[in-house]
Amino acid sequence: MKLKINGKTEDATEGVRLTDLIVQRGVESPEMVSIELNGEILEKDRIDAVILKENDEIEFLYFMGGGAK
Amino acid sequence: MTTHGFETKAIHGKTPKQDVHGAIKFPIYSGAAFHFESAEAIEDAFAFRKPAHAYSRVTNPSVEAFERKMNVLEDGRGAIAVASGMAAITNAVLNIVKQGENIVSSGAIFGNTYSLFIHTLKGLGIETRFFDVDKPDEALKKIDGKTRVLFLETISNPKMNVPDIKKLADIAHEKNIAVIVDSTVTTPYLFSGKAAGADVVIHSSTKLISGGATGIGGVIIDSKNSSWSGFPALKPYAKFGKWAFLGRLRSEVYRNTGAAMSPHIAYLHSLGLETLALRVEKTCENTMKIAEFLNNQSQVVSVSYPGLLDSKYHELAKKQFKNRFGGIIAFKLLNREKCFDFINRLKLIKRASNLGDNTSLIIHPASTIFHEFSASEKEAMGVTENLIRLSVGIETVDDLISDILQAME
Numbered sequence: 001m002k003l004k005i006n007g008k009t010e011d012a013t014e015g016v017r018l019t020d021l022i023v024q025r026g027v028e029s030p031e032m033v034s035i036e037l038n039g040e041i042l043e044k045d046r047i048d049a050v051i052l053k054e055n056d057e058i059e060f061l062y063f064m065g066g067g068a069k
Numbered sequence: 070m071t072t073h074g075f076e077t078k079a080i081h082g083k084t085p086k087q088d089v090h091g092a093i094k095f096p097i098y099s100g101a102a103f104h105f106e107s108a109e110a111i112e113d114a115f116a117f118r119k120p121a122h123a124y125s126r127v128t129n130p131s132v133e134a135f136e137r138k139m140n141v142l143e144d145g146r147g148a149i150a151v152a153s154g155m156a157a158i159t160n161a162v163l164n165i166v167k168q169g170e171n172i173v174s175s176g177a178i179f180g181n182t183y184s185l186f187i188h189t190l191k192g193l194g195i196e197t198r199f200f201d202v203d204k205p206d207e208a209l210k211k212i213d214g215k216t217r218v219l220f221l222e223t224i225s226n227p228k229m230n231v232p233d234i235k236k237l238a239d240i241a242h243e244k245n246i247a248v249i250v251d252s253t254v255t256t257p258y259l260f261s262g263k264a265a266g267a268d269v270v271i272h273s274s275t276k277l278i279s280g281g282a283t284g285i286g287g288v289i290i291d292s293k294n295s296s297w298s299g300f301p302a303l304k305p306y307a308k309f310g311k312w313a314f315l316g317r318l319r320s321e322v323y324r325n326t327g328a329a330m331s332p333h334i335a336y337l338h339s340l341g342l343e344t345l346a347l348r349v350e351k352t353c354e355n356t357m358k359i360a361e362f363l364n365n366q367s368q369v370v371s372v373s374y375p376g377l378l379d380s381k382y383h384e385l386a387k388k389q390f391k392n393r394f395g396g397i398i399a400f401k402l403l404n405r406e407k408c409f410d411f412i413n414r415l416k417l418i419k420r421a422s423n424l425g426d427n428t429s430l431i432i433h434p435a436s437t438i439f440h441e442f443s444a445s446e447k448e449a450m451g452v453t454e455n456l457i458r459l460s461v462g463i464e465t466v467d468d469l470i471s472d473i474l475q476a477m478e
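If you're matching them up, the sequences are chains A and B in order.
To convert, note that position 45 of the first sequence is 45 in our numbering; the numbers rise steadily by one, no gaps.
To convert, note that position 41 of the second sequence is 110 in our numbering; the numbers rise steadily by one, no gaps.
Rather than coming from a laboratory, the hints here were simulated on the basis of the structure.
Any given hint could turn out to be false.
[As the list claims (entries may be wrong)] Straight line, CA to CA, 30 angstroms or less: simulated DSSO-like cross-link-like pairs of lysine-lysine:
id	chain 1	residue 1	chain 2	residue 2
1	A	K44	B	K210
2	A	K8	B	K419
3	A	K44	B	K447
4	B	K358	B	K419
5	B	K381	B	K304
6	A	K44	B	K419
7	B	K447	B	K210
8	B	K311	A	K44
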């Protein structure tokens with residue numbers, strides 16, 4: 001299926017879990033990252049339950065420490 | 070890391086990245102800017118897609134290392150270090166209070182904070198309403214639909230009031246008001262803002278945290294108690310949910326007003342954190358002995374120190390500050406002339422405007438920090454002409470007592 005990740009359209013396994021995507025992509029400093037799914041920042045306790053769907057838009061954001069400009 | 074004790078957390082913290090040379094003390098990254106491998110990489114950094122530093126006014130690795138330690142010690146959602154304690158208060162308030170809205174504040178606060186509220190913020194259309202922290206219900210009467218902040222100091226400087234922070238936080242939260250607590254004189258070692266209900270904890274890291282007055286700094290910590298919904302100033306950041314306060318601060322208010330902590334200060338204050346527990350214990354031990362000594366001197370009219378058994382704040386302070394009472398004593402002599410004579414005769418204790426140094430410091434607040442206020446304003450803040458403020462350091466306590474004794478004779 002297609003997902004939009006950090007602004008780029010990419011292929012992903014059908015029904016991939018968000019937590020698996022984080023590992024597969026080697027997301028930097030996962031303990032620091034905030035995840036925006038379809039325009040909404042996810043609370044940390046919701047992330048484990050998320051199963052991604054076709055055309056979901058995910059942004060991995062770091063706006064606390066380095067990275068906020 | 071959350072299972073470790075305070076001292077371990079203060080030393081080991083949570084550094085963002087391993088230093089490339091394995092340096093135990095996180096280095097000082099003093100430069101202004103950072104190189105990126107590609108235009109795409111710097112684009113990602115500006116879009117918040119990379120945990121990278123681009124410009125030191127906004128984020129800096131050394132400052133981040135200090136922020137992370139402070140956040141671990143306060144068990145917060147996140148911390149932002151700034152140039153001074155006053156910058157911390159100003160940034161925190163401007164982040165959540167808009168023109169036309171108001172703050173309800175303890176009436177007994179540090180002089181410059183009072184001036185910030187009644188002059189600077191008033192000029193920006195933000196009103197401050199003061200109340201007596203000894204009468205929590207007074208706070209309720211001052212609150213209305215446009216109140217956004219309840220501001221407190223853990224131990225007021227120099228009136229030495231101790232507010233019932235939990236009680237006041239409960240009152241504020243009923244009305245969806247953010248509780249900002251200045252914990253400078255208590256530090257995260259003595260006071261857990263999060264446990265007491267503070268939504269934001271402020272420190273002037275210049276004081277006890279700095280490790281011996283090593284330089285000026287401040288910190289703002291979001292203590293995780295607020296979801297930040299219902300604050301009009303944060304509405305554009307609603308998509309960040311609970312991160313709205315920190316998000317607006319980092320990417321707008323703090324960033325645009327530019328009160329950045331220097332990486333050199335961040336390094337020194339990080340070092341200061343390593344010995345904070347030891348120094349606070351020694352300070353509190355010394356202060357207790359000196360307060361008891363002063364209480365027995367005939368020339369001393371009164372002593373304000375919550376550690377004294379006859380202090381009306383003793384039990385509350387004992388509960389709030391883990392059985393310690395801080396390092397500040399406010400005491401009164403007969404009159405201003407006696408105060409000046411006494412202060413002038415001291416040989417060890419320094420005449421200086423600061424708190425929480427390793428060196429003991431003394432000042433006459435009415436003629437210095439509070440000189441700009443009227444007599445009635447000073448009186449409301451508990452600053453009389455015969456009041457002295459002593460910040461007790463970590464010297465040999467007998468030497469301090471000898472100095473005080475010879476200055477009183």
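Okay, the hints, checked on the actual structure:
1. Using a Cα cut-off of 30 angstroms, the hinted pair K44/A and K210/B is violated, with the two alpha carbons roughly 38 angstroms apart.
2. For the suggested pair K8/A and K419/B, the alpha carbons sit about 62 angstroms apart, so the restraint of at most 30 angstroms is broken.
3. Only pairs whose Cα atoms come within 30 angstroms are accepted, and K44/A paired with K447/B is rejected, the gap being roughly 48 angstroms.
4. The suggested pairing of K358/B with K419/B holds, with an alpha-carbon distance near 19 angstroms, which does not exceed 30 angstroms.
5. The suggested pairing of K381/B with K304/B is violated, with an alpha-carbon distance near 42 angstroms, which exceeds 30 angstroms.
6. A hinted pair counts as satisfied when its Cα atoms are at most 30 angstroms apart, and K44/A with K419/B does not qualify at roughly 50 angstroms.
7. Of the supplied pair hints, the one linking K447/B and K210/B holds, its CA atoms being roughly 23 angstroms apart against a limit of 30 angstroms.
8. Annotation: proposed proximity of K311/B to K44/A holds, straight-line Cα distance about 10 angstroms (limit 30 angstroms).
In this structure, the earlier hints numbered 1, 2, 3, 5, 6 are contradicted, and the remaining ones agree with it.
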